[in-house]
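Chemist: Now for the letters of each chain:
Protein chains: 2
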Amino acid sequence: MRPEFKLWIENEEGEQIIGEGLISLLKMIEKTGSINKASDELNMSYRTAWGKIEKIEKRLGEKLIKRKTGGAGVGGSELTEKGRTFMNKYHIFSEGITQCVNEDFARIFADYLQS
Amino acid sequence: MRPEFKLWIENEEGEQIIGEGLISLLKMIEKTGSINKASDELNMSYRTAWGKIEKIEKRLGEKLIKRKTGGAGVGGSELTEKGRTFMNKYHIFSEGITQCVNEDFARIFADYLQS
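From first to last, the protein sequence lines stand for chains W and V. Take 71 as the starting number for the first sequence in this note's numbering and just add one per residue. Take 71 as the starting number for the second sequence in this note's numbering and just add one per residue.
Chain W extracted, bound-state conformation (with noise of 0.2 Å):
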């Protein structure tokens, strides 16, 4: 037997406003540069990212994404500093709980996993 678990967090409407749709999401934008890449990769549409992104960052006030800087028509889009720090919060947080509900079961039902 093992444990597993699903993590979101929401805003005060109840909506999921960070999940691993989203972290998913700026993951492959940090990996290939580009929202439209980072959707695609995704299966996810543009219109779904953007709003995803949007909602995030008008929740936290913060920028996550910006425009990539560069040569004139050097287009795509990387994470802001704040971003970067954004999914590293996130990930510290995601392997706590890990971490958290691996122990606990380990040691609550060390009688059935000796069997």
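If you are wondering where the hints come from, they were derived from the structure by calculation, not from laboratory data. The hints are all genuine.
Pairs count within a copy or across copies, as identical chains cannot be separated in the list.
Subject to a maximum C-alpha distance of 20 Å in a straight line, what follows is the list of computed SDA-like cross-link-like pairs (lysine to any residue):
(1) Lys76 / Ser94
(2) Lys152 / Ile178
(3) Lys138 / Asn106
(4) Lys128 / Gly89
(5) Lys76 / Asp174
(6) Lys76 / Ser164
(7) Lys76 / Gly89
(8) Lys97 / Glu127
(9) Lys101 / Gly146
In this text, all values refer to a predicted model and were calculated from it rather than measured experimentally.
On the provided structure of chain W, position chain V as indicated by the hints.
Modeler: Just chain V now, kept in the frame of chain W:
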């Protein structure tokens, strides 16, 4: 913002064997004294209810439910002592994760929560 989570336990084949459905069912059997009434209350078929119970009993190698003892003609089911111990363990597990999620969230996202 507030964190939310869903917690469950899988077997080696990746099937969910313990989750909110099973726990609600056990609680309702304890409350109503009947698998039939409990599954009705939870809009679950009797077959589904039995399936959930059999799967976890087989995995744990323990009976969680037994026929109620009593006078002739007294029907119904109740939790065994092991069934109550199991429910109690799951409750402790779930409450611990709730605490872990809320505390970690408050600590890690403190900057965002002040604004």
